[in-house]
Amino acid sequence: MGDILGLVAKRLGLGLIILLVISLIIFFMVELLPGDIAQAVLGQGATPENLAALRKEMGLDQPAIIRYLDWLAGAVTLDFGNSIVTGTSVAETIGTRFANTLFLATYAAAIAVPISIVLGVIVALLRNSIFDRVANVATLTSISSPEFFLGYILILYLAVKTGMFPAIASLSADMTFGELLHRTFLPALTLVLVVTAHMMRMTRAAIINLLASPYIEMARLKGTPPWKVIVRHALPNAWAPIINVVALNLAYLITGVVLVEVVFVYPGIGQALVDAVSKRDFPVVQACCLIFAATFILLNLAADVGAILTNPRLRHPK
Amino acid sequence: MSVFVIIYYFLLLGASCLAAYFNKRSAFLLLFSLTLVSFILGIVGGVSALRMVAIAAGLMALAAMVSYAFREFLIAIASVNMAKELRTAPLTAAFGMFVIFTVAIAGIFAPWIAPFGEAEVITAAFAPADETMLLGADQLGRDIFSRLVFGARNTVALALAGTVLAFLLGALAGLLAATTGGWFDQLLARSSDVIMSIPSLIFALLMLSIFGGELANDTTSFWLLSGFAVVTGMLVVTAMAGKSLIGWLIGLAILVGVAVLFSGFMLAIFNPSEIILILVVAVIYSPRVFRLTRAVAGNVVVMDYIEAAKLRGEKTWYLIRREILPNSTAPLVAEFGLEFCFVFLLIAGLSFLGLGIQPPTADWGSMVRENATLVSFGEITPLIPAAAIALLTVAVNFVVDWMLYRSSGLKV
Amino acid sequence: MKKKNDQVLLDRLANAARTGDISRRSFMHFAAAAGLTATGATGLWTKSAAAQPSRGGTFRWGVHDGNTSDTHDPGTYVTRQMIFLAHTHRSYLTLIEPDNSLGPDLAASWEATPDAKSWTFELNPNASFHSGKPVTAQDVIDSLNHHRGDESTSAAKALLTDVTDITADGDHTVTIALSRGNADLPWLMTDYHFAICPSNGDGTIDWKSGDGSGPYKIDTGDFGIQWSLTRHDGWHGEGAYFDKVDMLVLNDPNARQTALVTGDVDCVSLIELKTLALLERNPNISVDNIPSGGAITMPMHCDTAPYDDVNVRNALKLAMNRDEIIEKIAFGAATKGNDFHLSPVQPYWPEDIPQREYDPDEAKSLLKKAGHEGLTVNLSVADSVYAGAVDMCVLYAEQAKAAGININVVREPNDGYYSDVWLKKPFSAVSWGARPTPDVMFTLAYKDDAAWNESRWQNERFNELLLQAKSELDQDLRAEMYREMCLLMRNDGGTLIPFFNNWVYARGKGVERADEVAASWGCDGARAASRWWFSA
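Residue numbers (the working numbering), protein chains in the order written: chain A, 1 to 318; chain B, 1 to 412; chain C, 1 to 536.
Keep in mind that the hints were calculated from the coordinates and are not lab data.
Beta carbons are placed, not taken as given, at the ideal position from N, Cα and C, and that holds for glycine.
Do not rely on the hints blindly, as some may be mistaken.
Chain A stretches covered by chain B per the calculated footprint, using a threshold of three residues with CB under 8 Å from any CB of chain B [as the list claims (entries may be wrong)]: (1) 84–95; (2) 152–161.
Below are the SDA-like pairs computed for lysine to any residue, each with C-alpha atoms no more than 20 Å apart in a straight line [stated by the list, open to error]: (3) Lys401(C) x Thr123(B); (4) Lys328(C) x Lys244(C); (5) Lys10(A) x Gly182(B); (6) Lys24(B) x Phe131(A); (7) Lys244(C) x Gly234(C).
Have a look at the derived ranges for each label pair, beta carbon to beta carbon [claimed, not checked]: (8) Gly181(B) x Pro63(A): 33 to 43 Å; (9) Phe28(A) x Ile269(B): 27 to 37 Å; (10) Leu13(B) x Pro214(A): 29 to 39 Å; (11) Leu18(B) x Glu398(C): 57 to 67 Å; (12) Gly87(A) x Gly239(C): 50 to 60 Å; (13) Lys243(B) x Leu7(A): 28 to 38 Å; (14) Pro128(B) x Ser431(C): 27 to 37 Å; (15) Thr310(A) x Gly181(B): 52 to 62 Å; (16) Gly181(B) x Ala302(A): 45 to 55 Å; (17) Ser431(C) x Leu7(A): 30 to 40 Å; (18) Phe28(A) x Lys208(C): 44 to 54 Å.
Let's have the full structure, built from the sequences with the hints guiding it.
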C-alpha cells in the first residue's frame, strides 16, 4: 500500500506544478485576447474618457505581471480573488455553478457507466452477431452526432411532442430531489448518449483483446461457458483500460458540457466560463480553468490508482 | 389486406425458407424474427409501419448490394496482394470505403458536381425540392444539395488536415519520447499533461478568439504554420542527426526549406482563418495522440528485437522507422479514425458557438446550426447535414474496425 | 344638434379604437375636438380599446442576451436581459408610453424655460424604493451624477455632456441646467442607463443592492440565469397586474422557442426570424412584430471619390431592392427605409416624403450623368452587424448589377469591426440601436463635427436646422424643421438605409396586452411585466 501512497503524493505534487503552468498560460491567453475588459463592459457606449476611468477602477492600469503575481499570492492561500466585472468573490460566483455541474455529471455517470460496461460485456460475448453490429452502429451514430443536435432531437420528441420531460432544465431552490431528477433528465440523457458509446466500445475492445491469451484459451478448452470465460477470466484483467476510459469520460462530463448547458439552459460552470471569456474577466476564467484542470488531474490519478489496485502486477513494475 | 401486405409477407417467408434450406443460420434467424416482429408491427402500426420496415430493409439491402459491388470492384482493380486483403473485408467495411470514396469524389470535384454555387441565392427561402434542387433550399434560398457537396470539401478537408497535423506532431513526439526516454520523455509528457488538462472546447475558444480577429491574415498564418512545421521537423531532425553537428546543420537547413514549402502549400489551399482553426485543432489533439503513441511504442521498445537492434548500433531514426512504427500501426490507425470523428465534432461544436468556419462558406456543422431551430417544427432541413456527419464518421469507423480486427490477428 | 354630432363622432372613435384603426394619440386628439376632457377621453379609451386587465398570476418571461458578468450598475448596462430587468425593478424620470409618446414615470410633470436651457422636474410624491424609503430629489441628482464627471465609468456619459448643474428645490423638485438649449431633455431621461437608484447620502448611489422604485422588487436572482420578482405594493404607477415575475435567461434560440411552445414560459423576448412563419401557425402563440427605431445603415464617405458625387450616392440608393432584402434577410420583420434616419414609430416622423423604390434604370442614368458608368465599389460588412448582414450585402450586390454597378462585398472580422472598419472604410454596413428623438440621432451621426458622422456628410442647411430645432419648444415648427432635414438626408446625404429592423417577440396563451405597444424596446418598451396581464 505504501508505494501507492508514494505514487499519489508524487502525482499530486506534479499536479500542482501543472496547475501553476496552466494558470500562467491562461493568464497570458486572456491578456492576448483582442480588446480588454473595459471595452467588453462598455460595448458600443465606450468613449476614451469612460474607458480610462473604468480601467483605472478595475486596476487595469497596472502592468500585467504585477496583476498576475497579485492573483497568485491570493491563489496560494486559496483566495481566488474577485470578479473584475461584478466585484463579487469568484468562489461565490462559481460555487453553486460548480455544484450544479457536478450534480449533472454524477447523474449522467450513474446511468452511463453501468449501462456501458454491461452492454460492453454483452457485445463482447455476442461479438460479430447482429446484436453486436446493431449496437456498434447505434453507438457510433450517437457519438458521431453533434451533441447540441442530439439535445434538439431529444427536446423535440420527449418535450415538445410528448411533453414527458421539461425542455428547460432551470433550477430553483425549493425543488424536491425527484423533481430535480425529472427536470434535469434530458440534459443527463444527452450526456449519456454522448459518453456511452466510447466506454462501451472500449470495454468490448479490452475484453476481446484478451480473448487470444493462452489462459482464456485454456479456460475455453476446459469447457467453461462463454459468459463465464468473459465475466470471470477476461473482465478482471480488462479493468485497467476500462477504468481509464471511464475516468476520461467522467472528466468530459464535468469539463466538456458547455453546449449541453446552452441547449438546456442549465446553470452550470461552462456557461459561466464562456461568459467570462467574452467579458475578459480573468479571475473567473482562471478559477474555472483551474477547477477543470484539477478535475482532470485527479480523475486521471484515480484511474491509475484504480488500475494498480485491480492488477497486483502493476504494483511492482519491473 | 392490401396487395402490398401480401407481397411483403410472401417475400419475407420465402426468403426465410430459402435461408433455412441453404443452412444460412444467422440470415434465417434475422429474416424469421423480422417476420414475427412484422406481425406485431402490422397489427399495432398498420400498413404504414410495414411500409417503413420495407423501406428500411430495402435501403439496407441497397447499401449491402452497393457495398458488395464496390468491394468486388476494388478487388478487380487492385493488385494481387491488395485484392487478397480486400477479400477479408466485411460488408460494413466495404460500405465505409464506399462512403469515404463518394465523399472524397464529391469534395474534390465539388465545383463540377454541384449544380449551383456555394453561396448562390437561387430561390425563395425553404423552397421545396424539385427537379433542379434535389434537397430543396435553405433559409436564404440556397440549394442544399450544392452546399452539402461544397461542405464535404470544406469540412472534410479541414478536419482531415487538422487530424493529420495532430498525428504528425503527436505520433513523432510519442515515438521519439518512447525511444529516447529520460528527461526529454518527461518534458514532453508533462507538457502534454498541461494541454490535456485544459478542456478542448475552452482551449479552442481562447485560441480562436486570440487569433481569429485581425490576426487571421496571410502573414500571421504563414508564421504560425512554419512554426508548427519547424517544431514537428525538429523531432525528426533530433532523431536522425543524433549527436552529429553536421547532421543537425543539414537537417535544419532542409527543415526550413520544407517548412516554407509546406506553409505555402497550405496557404494555397486554405484561407487564413481556416488555417488558424486547423492549427488549433492540431495543438489540442496532438497530446492525445502523443500519449497513445508513447504507451504503444513503450510496449514495443522493451521487446528483445529492439534491444538487439540497439546493440547492432542502429540510430534512433532507424529504430523508429523500421522496428517500432510497423509494430504499432494498428492502434494508431484506429485512433486516427476516432480522432477524426472528434475533430469533426469539435469543429461543429465551435460553429455552434459561432467560432468555427465562417459563413457563407458551407460546412456541415454550421449548416446544422443555422437551421437547427427548425427541428422543433418537424422540418428535415437540419437533419440532412447532421446525417451526412453521422454517415461519414460511422463509415470511417467501420473501416477502422476492420483494420483493427485484421491487424490484431484475432480470429475468434 | 351639435351634441348629437359629437356623440356620433365619439361612438365612431370608440369603435375605431377598439378595432385598432387609430392610435391612442390621435384618439385623444379627436376626442378633445369632440369636446371631451382629457380624463374622460382616457376612460373611454381604456373601456373601448382593451378588455379590463385582471390581476394575478406569475409571469414567466424568457429573456435573451443575459451574461454571468452582468451587474446592477446602470452605467454599464449592456445586455438586453439587464435592460428588461431595469425596466421591471427600477424607475426612470420619464418613460415612453405604449403609443410612443412621452409619459411620466418618477417625474409627474416637467417644464422648461423658454430657451430650453433649464428643465424642472416635479417628482411624484408617492414614489418609494422597495426598501420603503421615499424617492427624493437627492436620489435623482446622485443617480444622474453617476453618469457625469471625470470619474464616471458610464456608457451614457456622452448624453449628459451639456448638463452644467443639477440642483434640488425641496424634496420633490429637480432642476437640470444646460449649457445650451435642448428641447428633448425629458426624452433623454428615458434612456435605459438613467435608472434612479437610492442615494448613499455622500453623492454616490447604491446600485449594488438591486434596490429600485420600479413595479417589481427582486426577491432572488442570479446574473445570467434567472430572477424572481414580486409586485412592489407602493409602486407609484398604474399597472403591474402580475403578482410575480420570473425572468429566465434563455440565450439559445431553440431553447426560447421550445420553452414557449411547451408552456414553460409565457413570453419570449426574441424569436429567430427564420422560424417566424412557422411559429405564427401555432394557435396558442401570438407573435408580436413591432416596428422599431433601430436601423441598418450603409454610410458612404461623402468626401471620398466616387461618393463625393451626389449622383453616385443616389444611384447606389436606387440600386437596392429593399422589398426583396426585407423578405429574404429580415423575413418580413422590418420596416422599409427611405434613406433618412427616422422611423415611423419615432417622434416627428414626416409622413409625406415619397418612398424611394428600386429603379436600376434611373440609377444608370444618374451614373451616366456623373460619368461613372460601370462603377465598381467595395462594401465592407461583418457577420456581427446583423443576423444575415453578409447575405444582405451579397443580395444587394446582385440587385445592383442591373444598374451596371459592381459591388464587391468584403467580409471583415467581427472583432474590431467598429474600431477598424466603421468610420474608416468608405462604404460599410452598420447597425444602430434606436435613439429616443431625431435630435439625438442626428447630432450623434449626421452633424458636421460629430465624432460618429459615419458618412462624413457636410450640409450647411442641415446643421443650421439641427441647432435651431434643438432648442425649439414649438412642436409644429419643430416638426417642419425635422421634415426638411429628413428630405436633405434622403436627397443629398451619404447614408443608404435599407430598413429599420422590427422587434419580434412572442406571447403564449393567455397573455394579454393593450392594442398598442411601445417601440423603444422589445416586449412593450421592456415594460411587459408592468403593462401586460393574464386573461381571466
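So which of the earlier hints does this model not fit? 1, 4, 10, 12, 15, 16, 17, 18
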